[in-house]
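Novice: Residues per chain, in single letters:
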Amino acid sequence: MSHLRVRLLTLAACAVVALAATRASAQVADHQYTSADIEAGSRLYANQCALCHGPNGDGINGIDLRRGVFRRSVSDDDLARVISTGIAAAGMPSFRFQPVELTAVLAFIRAGFDPSGTAVKVGTPGRGQALFAGKGACASCHRVNGAGPRTAPDLSDIGAIRTPSTLQRSLVNPTSAMLPINKPVRAVTKSGTTIRGRRLNEDTYTVQLIDDQERLVSLIKADLREYEVGKTSPMPPATAVLSSGEIADVLAYLLTLKGGL
Amino acid sequence: MRYSTGLAEARHYASRHVPRWTSVVSGFSRTGALIAATLAIGTMTLMAQGSAVTYTRILNAAAEPQNWLTYNGTYNSQRYSTLAQVTPANVTRLEPKWVLQNQVFGAWQSNPIVVDGVMYLTERPNDVMAVDAKTGRMFWLYRWTPSPDSRVCCGANNRGVAILGDTLFMGTLDGHLIAIDAKNGKPLWNVTVADVKLAYSITLAPLIIKDKVVVGVGGGEFGIRGFIAAFDPKTGKEAWRFNAVPGPGEKGHESWQGDAWKSGGGSVWVTGSYDPALNLTYWGIGNPGPDWNPFQRPGDNLYTDSVVALDADTGELKWHFQFTPNDGYDYDSVQIPVLADLTWKGTPTKVLMWANRNGYFYVLDRATGKFLLGEPFVKVNWSSGLDANGRPIQTRQPAGIATYPGNQGGTNWYPPSFSPRTGLFYFSAWENYGTIYHPEDATYQPGRNFSGGGFTVATPVPGAPSIGIGRRGPINNWTDEVGNGAVMAMDPHTGKPKWKVTQFDVTDGGMLTTASDLLFTGGREGYFHALDARTGALLWKTNLGGQIVMAPVTFQVEGQQYVSVIAGSSMFTFGLRDN
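Residue numbers (the working numbering), protein chains in the order written: chain A, 1 to 261; chain B, 1001 to 1579.
The set of hints was computed from the structure by calculation and includes no laboratory data.
Remember, predicted model here, so these are calculated numbers, not experimental data.
Treat each hint with caution, since some may be false.
[Said to hold, decoys possible] In silico DSSO-like cross-links for lysine-lysine, where the CA-CA straight-line distance does not exceed 30 Å:
1. A:Lys-258 x A:Lys-231
2. A:Lys-183 x B:Lys-1379
3. A:Lys-190 x B:Lys-1500
4. B:Lys-1500 x A:Lys-231
5. A:Lys-135 x A:Lys-221
6. B:Lys-1496 x A:Lys-183
7. B:Lys-1237 x B:Lys-1251
8. B:Lys-1498 x A:Lys-221
9. A:Lys-221 x B:Lys-1318
10. B:Lys-1370 x B:Lys-1318
11. A:Lys-231 x B:Lys-1379
12. B:Lys-1541 x A:Lys-221
13. B:Lys-1251 x A:Lys-221
14. B:Lys-1541 x B:Lys-1496
15. A:Lys-190 x B:Lys-1541
16. A:Lys-221 x B:Lys-1500
[To be verified] Sample of chain A residues with no beta-carbon within 10 Å of chain B, all distances over it, derived:
17. Gly-86
18. Ala-177
19. Tyr-205
Beta carbons: idealized from backbone N, C-alpha and C, even for Gly.
Modelling step: build the complete structure from the supplied sequences, incorporating the hints.
Specialist: In structure tokens form, the structure reads like this:
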């Protein structure tokens, strides 16, 4: 009785939080699907896809739709093509969805099957790689597979350790997505030398960093005159130089970076 | 609860060690008892010869500070030693005297006892070692291999042994209580305290009171019904039992509805205290089950998250105080009850001090259980405060909003200390640490996990690394933005810390104070500190390179004061340099 009431209240509170999240994410709507898309997709998925792929999206060997594990597909276009044309050899039928329905199913998959989650658009990796090195200037700070500077975090395995939505957040609003450990630090020694770098590790008495000359530096806090952990990311938002479509392409490229060396 | 699995480790040991017990003497492993016993005789003659550890000696343990006779050192559990060879002036002359490397792996939460130059300590899963306290060399090693059915939520821990006469007592991961000959490491008797198939375990160090061995059972994440029980030290026969979750006809049963009590939790996994004048023994009781779904078990769920005061002769409940009724956050009240005699508002009062996992510091009258004081020591938002009787006014956070303190609590099982010289109560706290709870209905299945949902640690950025139950590797990539540690020196009269020293990472370090006003403690970062107990000033530190998840102990052999602490997989024992 009281049990049920409290549960209902909890659900209601859930809904409020989900709404708030939706509103916040609406500001970057161009890069991601709407909550209406995701919700519609969840119904379509349950009716059309779940029979084979299972309620959790892992019903087919080697595929985990919820976690973004596919056999060949990378981009949203790839997924749309597979859904629309099917894979006859593997027994997957073709689905004649309306464009809005197709978008909805993609949204549900990209949201990780979470109706209150966010789903980002994933473009074409090849274009993304070109943008990474070129117009986006990502490679001027980030290193991938042994090439590029080490001042910013190495991205060689970023596609394996980040979800699409957190990667997108990093691109669009770097400060809001910056992991605490990666924050830039500034230290002034007692002798007056200023050291700037990216934090690698810290404890009560010491801090380890890679400085702007790519040197590994370990500092004892008691030896410092000043020590400051920056609050903003040194990375400019990708929106400053890239369009929404280009951001989706860069995201697609980053998702292909799975490490493994 | 502490969270993660230790089962795989327990199974690993089970497959490794056959038969179920072995004694290793002077480097020879033998299953033939005769051969081992013969070898042991030679070893025994070289051991420091002390008189047997009588109840009277334990009662007066404070009078023989060269020893550390019980888990908490003395019955009042102050973890305060009158040894004063190491002082604020010479503490920088501490040097490692010996190191004992763990024979196994995993966080080492054991607390040694020291008797007349011999240290007895345990390692995972249920090994007991007798070690020369001066050199670290081993006299004997006894291994009990727990049943492969053993299930523990959070690692194959054992926190130590108790001693009475020449007999050691150890609880096991599979719910046994074993008596072991302190001279040669041979088992004397072995009784089943609780059913391992229902996921009962014993991880705490037993407590000797008079002619009884008292233990409690773990398993609060598996729908057990917890209890504390006393046993005859000669035979292992059960003398009394107190049900931490009262059944029909028992007082407190009305705080449960339907059958929820049957799987109501109430584990007991940290050793209690004893007041001989009142003849009361005090124990902290763990979380109710399922852990994170309070809606499934309406009512206060006595005596979970409570301190109970039991008649030491009969186990009869004299009073209780519940810190967190109908707990939905896993706020085990398994902290050590610390007893002291204070002048409370002008009146000499026997008090009990308690920094609780729920984020409040309490002072109770330990004769009656009356609430004297309760103040939050970290950010608390599950409750807006305590009423005149100390009962919390609960303010459950909406779904998706972080609850403070988080799942591992404002503090936890690691031992605090009280110095009668400074009048301060010292403990490790976790600050700015919150978790988001996801309650789900749980169905009880015997011996299976019964936690009722889950939780996630609140992080400043989605998907960022977070604090674990134990330390997650040598790189702190979660940072103090997810939570930080602090040594707090609480003034029990005000409920406000007189001072605190923060640490970048959270800490599970226990506390030790001495008559020279030193405070020894450590933390997850691996630093072992000596602080000025009056001011918190750092007097000495050393990096031991592994997380410190237990309290240091101190003892003396042949005129030398030692301080031992476990860090990572090693025990380090320090003493002053000779010069």
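Novice: If a hint holds in the structure, say so; if it does not, say that too.
Specialist: Against the structure, the hints come out as follows:
About 29 Å separates the Cα atoms of Lys-258 of chain A and Lys-231 of chain A, which keeps this hinted pair within 30 Å; it holds. For the hint pairing Lys-183 of chain A with Lys-1379 of chain B, the CA-to-CA distance comes to about 25 Å; that is within 30 Å, so the pair holds. Taking the CA atoms of Lys-190 of chain A and Lys-1500 of chain B, the gap is about 26 Å. The hint holds against a cut of 30 Å. At most 30 Å may separate the alpha-carbon atoms for a hinted pair to count; Lys-1500 of chain B and Lys-231 of chain A meet this at roughly 26 Å.
For the hint pairing Lys-135 of chain A with Lys-221 of chain A, the CA-to-CA distance comes to about 40 Å; that exceeds 30 Å, so the pair is violated. Using a Cα cut-off of 30 Å, the hinted pair Lys-1496 of chain B and Lys-183 of chain A is violated, with the two alpha carbons roughly 33 Å apart. Restraint check for Lys-1237 of chain B and Lys-1251 of chain B: the C-alpha separation of about 25 Å stays at or below 30 Å, so the hint holds. Simply put, Lys-1498 of chain B and Lys-221 of chain A have alpha-carbon atoms about 25 Å apart, close enough for the 30 Å limit, and the pair holds.
Annotation: proposed proximity of Lys-221 of chain A to Lys-1318 of chain B is violated, straight-line Cα distance about 52 Å (limit 30 Å). Simply put, Lys-1370 of chain B and Lys-1318 of chain B have alpha-carbon atoms about 12 Å apart, close enough for the 30 Å limit, and the pair holds. Taking the CA atoms of Lys-231 of chain A and Lys-1379 of chain B, the gap is about 23 Å. The hint holds against a cut of 30 Å. Between Lys-1541 of chain B and Lys-221 of chain A, the direct Cα distance comes to roughly 14 Å. Compliance with the 30 Å bound is thereby established for this hinted pair.
With a CA separation close to 56 Å, the supplied pair Lys-1251 of chain B and Lys-221 of chain A exceeds the 30 Å bound. Using a Cα cut-off of 30 Å, the hinted pair Lys-1541 of chain B and Lys-1496 of chain B holds, with the two alpha carbons roughly 26 Å apart. Between Lys-190 of chain A and Lys-1541 of chain B the CA atoms are separated by roughly 22 Å; this keeps the pair inside 30 Å, and the hint holds. Restraint check for Lys-221 of chain A and Lys-1500 of chain B: satisfied, since their Cα atoms lie roughly 19 Å apart, inside the 30 Å limit.
Residue-level check passed: Gly-86 of chain A sits 34 Å from the nearest beta carbon of chain B, beyond 10 Å. Not every CB of chain B is more than 10 Å from the CB of Ala-177 of chain A (nearest about 6 Å), against its label as outside the interface. Look at Tyr-205 of chain A: its CB is around 7 Å from the nearest CB on chain B, not clear of 10 Å, so calling it non-interface is violated.
Checked against the numbered hints above, the structure violates hints 5, 6, 9, 13, 18 and 19; every other hint is satisfied.
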